[in-house]
Amino acid sequence: MDLLNNLVLGFATAASPYNLLFCFIGVILGTLIGVLPGIGATATIAMLLPITFQLEPVSSLIMLAGIYYGAQYGGSTTAILINMPGESSSAVTAIDGYQMARKGRAGAALSIAAIGSFFAGTVSTILVAVFAPPLTAVALRFGSPEYFSLMIVGLVSSVALAHGSVVKALGMVVLGLLLGLVGTDIYTGTPRFNLGILELSDGLNFVALAVGVFGIAEILRNLENEHDRDVMIKKVTNLWPTRQDWKEMTAPILRGTVIGSALGILPGGGAILASFASYTVEKRISKTPGEFGKGAVAGVAGPESANNAGAQTSFIPMLTLGIPANPVMALMIGAMIIQGIVPGPNVATEQPALFWGIIASMWIGNLMLILLNLPLIGLWVKLLTIPYYMLFPAIIAFCSIGVYSVNSNVFDLYAVAFFGLIGYGLAKLRCEPAPLLLGFVLGPLLEEHLRRAMIMSRGDPMTFLNRPISLGLLLLAAAVLVVVLLPSIRKKRDEVFVED
Amino acid sequence: MKDLSFSLRDLICGVLFIFIGLFFAIQAYGLELGTALRMGPGYFPFVLAGTLILLGIIVIIQGTQLQHEPMGPIAWRGLLFILPAPILFGLTVRGLGFVPSLFLTGLVAAFASTKMRPGTALLLVGGLTLFSVIVFSYALGLPFRRFGPWLGQ
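If you're matching them up, the sequences are chains P and D in order.
Heads up, the first sequence is in the numbering used here, so the first residue is 1 and it goes up one at a time.
Heads up, the second sequence is in the numbering used here, so the first residue is 1001 and it goes up one at a time.
Calculated from the structure, these hints are not laboratory results.
As the structure is a computational prediction, the values presented were derived from the model and not from experiment.
Built from N, CA and C at the ideal position, the CB exists for glycine as well.
Careful: at least some of the hints might be erroneous.
Some residues of chain D that are not near chain P, with every Cβ distance over 12 Å (derived) [said to hold, decoys possible]: (1) 1036; (2) 1147; (3) 1151.
With beta-carbon atoms standing in for the labels, derived distance ranges [stated by the list, open to error]: (4) 1030/D with 293/P: 30 to 38 Å; (5) 137/P with 1036/D: 26 to 34 Å; (6) 1026/D with 352/P: 56 to 64 Å; (7) 202/P with 1143/D: 17 to 25 Å; (8) 367/P with 1126/D: 35 to 43 Å; (9) 1143/D with 486/P: 52 to 60 Å; (10) 137/P with 1030/D: 42 to 50 Å; (11) 458/P with 1143/D: 45 to 53 Å; (12) 479/P with 1134/D: 49 to 57 Å.
I would like the entire structure built from these sequences, with the hints used as guidance.
Put into structure tokens, the structure is as follows:
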């Protein structure tokens, strides 16, 4: 059995003491960040990205992955305890989770969330292991037209999932693509858009852009109106769910896992969409829909399973195709590139230990989270009382150290300040940074595949439509775009995103 | 058309898109555009820049139809203290060295909050610097000079 051999290799890699340590550090950091409001997972991964470059590629990616799903766990903890989702994907959990907490059932709600997440994490890890190799095989036959069309799907989906105006999100994608082209043209070696600045001839620094647009801009937004958080937390007791809870949570967890796994694979999909979809489904098929919003067990179990499953399966397009499904995956791809690994279908065959090590570490990370989080819940609750103004000087300091340590180049630090300003300005104009980052990562690839496809087809643009896979992908992209532009759906979409 | 009014936010956003688009378009036009068969370095950026200009125009037009909401407060104090912090780190990390440079950076950033008191800031940033030196310089072994030539070392 190939799968078995691969999994054995993966677990052997991930369970080495060194990698276990970094998986552990990752999930702890992730939980910490998820619990602390005001620092998102994307910003943190952007910040910590440079520091991981000192590590082996496997350890570094395992740690980054740990931060990602650790943050999902931590985010639901605050959603349940103080009605403040630490991550946008746990916004739905806050609805019924917080109501359960108010009824004195915070412990049960936390356990249900953790058990659901763990189950979903286990199943989706297996799904990743089963589906990644055949997808890799398909991807190896992809030519330039297919890659181009696939990236278009990814970019269009990121537009569909952005908050607010579709046109602005499209603008962000295009701006990101343009920024990605700054530097030197790979075909002719012609310098472009570098304003005569020598440091720009290798292009804009990805880490500086991500840290500025996500990290610094987020701090500035939080400083707009500082107010004290009223943290009223009752002591969490009685973690174990009752028999009735077990009965009520089983089906929603199963359904949430399926929904989350399916939506996570879609480029641009991922965890946020999954949790909303699961909540809607549970409410619709429930025999007691009136319970929702008043502390329904299914309203916690379903979305929590779905967002964790989605977070795991969003690794599939990243690992098999080198196409990011969300900003966090874009950062992981950035990490791979800086580590000297070319993301794409070849990773599985050329670096099997890395590929399977990451997959195995997802399950180990989930196990660590469930073993750690429930006993440590008191500690996380204490962290909630740290005021924000004590935190952000440290964030700025770590950002500066991190960015500087990539190339020991002070120019990158000036770029951080510049992109911080740009990111804050764009946020004030209601332009989302996520499509910009995806565009930035994909810009050079998109141009390369477009040019290569056109040369191979002797300048005939029909090449994108004559090849069935490419045609299918482009139709999918067009369908997504039409759907988000339809007035009725647009209204629904606005409602969904009103939550946060 | 008497009710036509522009949303300030969308107007700024649209103008920004157009301005950036023009910048890239002019730069790209100066490069070799090439043909669809053999695209030059300017071809793809030129198309993208044109798209961005078009999107900018649509944003402005759409801004005339939507209900307007206020821009909200702007974090002037944050901008004033947060943005210079990484720049300060960049200017001093080689000359002063990692330890004093990081201390100054943290201190400047700390005052972005109105709630920060000088005593708290010194303690907090002192602790932060100590932590960073232990973790980054000693444990992770990043190749930074702890104290630089400006301090006579």
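Taking each numbered hint in turn, which are not upheld by the structure, reported in ascending numerical order?
-> 1, 4 and 6
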